[in-house]
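Colleague: So the chains spell out like this:
Protein chains: 2
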Amino acid sequence: MQAEIITIGDELLIGQTIDTNSAWIGERLSLAGIKVVQVRSIPDDPDRIQQALRDLMPATRLVLITGGLGPTNDDITRNTLCTYFGDELVLNQEVLDQLSLFFEKRGRPMNEHNRAQAMVPSRCKVLPNALGTAPGMWFEEDGKVVVSMPGVPYEMKAIMTDHVLPRLSGRSNGYHILHKHIHTFGIPESELMVKIADWEAQLPAPMKLAYLPSPGMVKLRITVESTGDRALLLAGVEEAVKELQGLIPEYIVGYDDDNLEHGIGRMLLDAGQTLAVAESCTGGFLAHRITSVSVSSAYLKGGVVAYANEIKATLLGVKESTLEEHGAVSGEVVKEMVEGTLQATGADWAIATSGVAGPAGGSEEKPVGTVWIAVGNKEQIVVSHHLFGNDRMANIQRSTNTALKMLRKELLKLFVD
Amino acid sequence: MQAEIITIGDELLIGQTIDTNSAWIGERLSLAGIKVVQVRSIPDDPDRIQQALRDLMPATRLVLITGGLGPTNDDITRNTLCTYFGDELVLNQEVLDQLSLFFEKRGRPMNEHNRAQAMVPSRCKVLPNALGTAPGMWFEEDGKVVVSMPGVPYEMKAIMTDHVLPRLSGRSNGYHILHKHIHTFGIPESELMVKIADWEAQLPAPMKLAYLPSPGMVKLRITVESTGDRALLLAGVEEAVKELQGLIPEYIVGYDDDNLEHGIGRMLLDAGQTLAVAESCTGGFLAHRITSVSVSSAYLKGGVVAYANEIKATLLGVKESTLEEHGAVSGEVVKEMVEGTLQATGADWAIATSGVAGPAGGSEEKPVGTVWIAVGNKEQIVVSHHLFGNDRMANIQRSTNTALKMLRKELLKLFVD
Chain A
1 MQAEIITIGD ELLIGQTIDT NSAWIGERLS LAGIKVVQVR SIPDDPDRIQ
51 QALRDLMPAT RLVLITGGLG PTNDDITRNT LCTYFGDELV LNQEVLDQLS
101 LFFEKRGRPM NEHNRAQAMV PSRCKVLPNA LGTAPGMWFE EDGKVVVSMP
151 GVPYEMKAIM TDHVLPRLSG RSNGYHILHK HIHTFGIPES ELMVKIADWE
201 AQLPAPMKLA YLPSPGMVKL RITVESTGDR ALLLAGVEEA VKELQGLIPE
251 YIVGYDDDNL EHGIGRMLLD AGQTLAVAES CTGGFLAHRI TSVSVSSAYL
301 KGGVVAYANE IKATLLGVKE STLEEHGAVS GEVVKEMVEG TLQATGADWA
351 IATSGVAGPA GGSEEKPVGT VWIAVGNKEQ IVVSHHLFGN DRMANIQRST
401 NTALKMLRKE LLKLFVD
Chain B
1001 MQAEIITIGD ELLIGQTIDT NSAWIGERLS LAGIKVVQVR SIPDDPDRIQ
1051 QALRDLMPAT RLVLITGGLG PTNDDITRNT LCTYFGDELV LNQEVLDQLS
1101 LFFEKRGRPM NEHNRAQAMV PSRCKVLPNA LGTAPGMWFE EDGKVVVSMP
1151 GVPYEMKAIM TDHVLPRLSG RSNGYHILHK HIHTFGIPES ELMVKIADWE
1201 AQLPAPMKLA YLPSPGMVKL RITVESTGDR ALLLAGVEEA VKELQGLIPE
1251 YIVGYDDDNL EHGIGRMLLD AGQTLAVAES CTGGFLAHRI TSVSVSSAYL
1301 KGGVVAYANE IKATLLGVKE STLEEHGAVS GEVVKEMVEG TLQATGADWA
1351 IATSGVAGPA GGSEEKPVGT VWIAVGNKEQ IVVSHHLFGN DRMANIQRST
1401 NTALKMLRKE LLKLFVD
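Protein chains in written order, with this note's numbering: chain A, 1 to 417; chain B, 1001 to 1417.
Keep in mind that the hints were calculated from the coordinates and are not lab data.
Just so you know, not all the hints are guaranteed correct.
[To be verified] To give an idea of the interface, some chain A residues facing chain B are shown, with a C-beta separation under 7 Å as derived from the structure:
#1 G15
#2 W24
#3 S30
#4 A32
#5 I42
#6 G86
#7 E88
#8 N114
#9 A116
#10 M119
#11 F285
#12 A308
#13 P359
#14 S363
[As the list claims (entries may be wrong)] Derived DSS-like pairs (lysine-lysine); straight-line CA-CA distance at most 27 Å:
#15 A/K219 with B/K1035
#16 B/K1195 with B/K1409
#17 B/K1219 with A/K157
#18 A/K157 with B/K1366
#19 B/K1105 with B/K1144
#20 B/K1035 with B/K1105
#21 B/K1319 with A/K105
#22 A/K378 with A/K413
#23 B/K1219 with B/K1335
#24 A/K242 with A/K219
#25 A/K105 with B/K1195
#26 A/K405 with A/K366
#27 A/K366 with B/K1157
#28 B/K1219 with A/K105
#29 A/K195 with A/K208
#30 B/K1319 with B/K1335
#31 A/K335 with A/K242
#32 A/K335 with A/K319
#33 B/K1180 with B/K1319
#34 A/K208 with A/K219
#35 B/K1105 with A/K195
#36 A/K366 with B/K1180
#37 B/K1208 with B/K1242
#38 B/K1105 with A/K219
#39 A/K242 with A/K195
#40 B/K1105 with A/K405
The beta carbon of each residue, even a glycine, is placed where N, CA and C say it ideally should be.
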């Protein structure tokens, strides 16, 4: 089965909000064997919404819509869908009861605008919203399904998980969509392409390969879309991945959700070792990436964001003389930051970053994008120097990726005889 | 002028990549008086690309396309556009020279796939890509413009900024699109709506109001789309905002890009005071938000990510007895974390967070979502207790927003007699 997604909201078209809903929905549908063939973002405009539905409906069996269901005047999706389906709004007692409970639990009074959210098209199936006030709606006519959900991501996700995906299960007719992601680091896209050209050319027919470059990394994705035995298809993909692993072992840093921070976490857990970080230019982002893994409290002792030089000195024991002689952005300082972090936290491993993230603060000797990173333990500290670009956020991200990659390389040695 | 955006890439439809390009482009076009009326995300599929162009071209004068221009086999946008326009690929010497320079600078050999990127449709205007290997392309026929750019965000942004926006300037025919964003905090959408209903009803005709809820916050957006004197339109918006400010002063925390972290930064700079943070449950995200402001090094001393209890004790001087008696997630501990941070960093202000971000670690007494936050200086420390939800990333975000809001409230007192 194929599906289309419509995300509604002026904020999506003027850059106020980045649409994260369609990516999440696309991933979940893909896992359910349903292929998303297009995403459209359109304004809060009844004509545009109706036009989009008229465009899509002849060829599409499933349309998922997010946005425009709130209680305020700019939320017009519900009325527009009601008009589109020639239906009328009726009071749904079940929704009204849920709304009353929602407000009671929060100790807030319910006003007329909230109460109006219990008015829904008579022929739709209501999908309860446990986390908010706007219910989802499921319209089904002539074997075609249109689902309308709120645009607030966590409300949409709960409605998808609790109601939409269960109702869609079994509708894929044995069609499978499998994705395998291979994360590579340290080789440009076009060189990677040459290195794995023969392997790519010999991939069996249902497998497609895609390249996804990002600062410092290229993700490869193998996709299989096919009916047939799911286990057999999966085995074929794993076979191809094994061959690739043999071809470029030095560049592969992880698979699927197993990104750098997950991989590092697993290795630290396996080794029973701990980590701490000392950040200057990454300003907390490195710790944030590590703590985005839910079990990270088992191996992350903590860290220091050492923005001011005096913090580098007082909390991490970086010597004043080193700061004066080499400057805060230097190999010597990141090395001492690692030593000080190991000392201060008792962690087995430490990472330190110091650089000029920009846009200001650059000099001829140390232009914006200059970054020093050190990673090590009590035995050994590895120091590296980089010259990234001019964009502050990209520099923070690249420094973080590179630091995690360096730690990964060191941790790998624990698992090699 | 109206525009449509097409983003190309299988990865956008299966949830591997979130499309951030269209939001950025939408914002820039909006500033240039060009209104984006639709964004479509479609797969790397020649038929779908041609179909999208055939759908759009009759009614649209400007189409901006991103993605599918790389050197690998899955990049098919350039060939597809060439076919669509009935054009042929020719070697562009200027692009080849730029490519040679690009590889020379990086000390990397250029291979045949890179060289092939200098083959471009004969009738397009080439838009040089200073940061990558795939040039942008500008097609113009019968007063209609189609622009193709790479999907890598920083390459696209550079081509937009250096080439596309300058070429589009002056094409808006005196049409202005103005947005004013008002950030509110601490009042639900439906209550806010009631509070400002009269003000909203009396907004002059060209002004439209939108509500954008997110965890703990509602952004209001006033939009004006009109020809006429830009300064006069702006003055009208500012007048309306001033009235709103008089109506709900306690809920407004900032305007436009002046989000919480910018606002706090400006106040700290104005007051000549400094800040440090101590994070447990926010795990570095609070420091990251603060350091995302480029001048933050002028007022942020640094911070400590105190994940393990021993770090709270050794680096921040939280007493063992306090940790034992009240637990790490407690008002007493965040208060001592603030005191310890002020002491350790010499900062004028400190923020501390401690909570159960989830999904594991909850107990009956302190369920997932329990968060304590403290903010203060040497004179006074304010402590607050919260019960957020079950989602780890949402808890980290809400804790961070709430902590910044608490600091903002304290800093505001510096500027009141």
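Colleague: Run every hint past the structure and note whether it holds.
Modeller: Results of checking the hints against the structure:
no., hint, in the structure
1, G15, "holds, 3 Å"
2, W24, "holds, 6 Å"
3, S30, "holds, 5 Å"
4, A32, "violated, 12 Å"
5, I42, "holds, 5 Å"
6, G86, "violated, 25 Å"
7, E88, "violated, 24 Å"
8, N114, "holds, 5 Å"
9, A116, "violated, 10 Å"
10, M119, "violated, 15 Å"
11, F285, "holds, 5 Å"
12, A308, "holds, 4 Å"
13, P359, "holds, 6 Å"
14, S363, "violated, 14 Å"
15, A/K219 with B/K1035, "violated, 34 Å"
16, B/K1195 with B/K1409, "holds, 22 Å"
17, B/K1219 with A/K157, "holds, 21 Å"
18, A/K157 with B/K1366, "holds, 25 Å"
19, B/K1105 with B/K1144, "violated, 37 Å"
20, B/K1035 with B/K1105, "violated, 39 Å"
21, B/K1319 with A/K105, "violated, 37 Å"
22, A/K378 with A/K413, "holds, 15 Å"
23, B/K1219 with B/K1335, "violated, 31 Å"
24, A/K242 with A/K219, "holds, 16 Å"
25, A/K105 with B/K1195, "holds, 22 Å"
26, A/K405 with A/K366, "holds, 23 Å"
27, A/K366 with B/K1157, "holds, 25 Å"
28, B/K1219 with A/K105, "holds, 25 Å"
29, A/K195 with A/K208, "holds, 17 Å"
30, B/K1319 with B/K1335, "holds, 11 Å"
31, A/K335 with A/K242, "violated, 37 Å"
32, A/K335 with A/K319, "holds, 11 Å"
33, B/K1180 with B/K1319, "violated, 48 Å"
34, A/K208 with A/K219, "holds, 14 Å"
35, B/K1105 with A/K195, "holds, 22 Å"
36, A/K366 with B/K1180, "violated, 38 Å"
37, B/K1208 with B/K1242, "holds, 16 Å"
38, B/K1105 with A/K219, "holds, 25 Å"
39, A/K242 with A/K195, "holds, 15 Å"
40, B/K1105 with A/K405, "holds, 24 Å"
Against the hints set out earlier in the document, violations occur for numbers 4, 6, 7, 9, 10, 14, 15, 19, 20, 21, 23, 31, 33 and 36.
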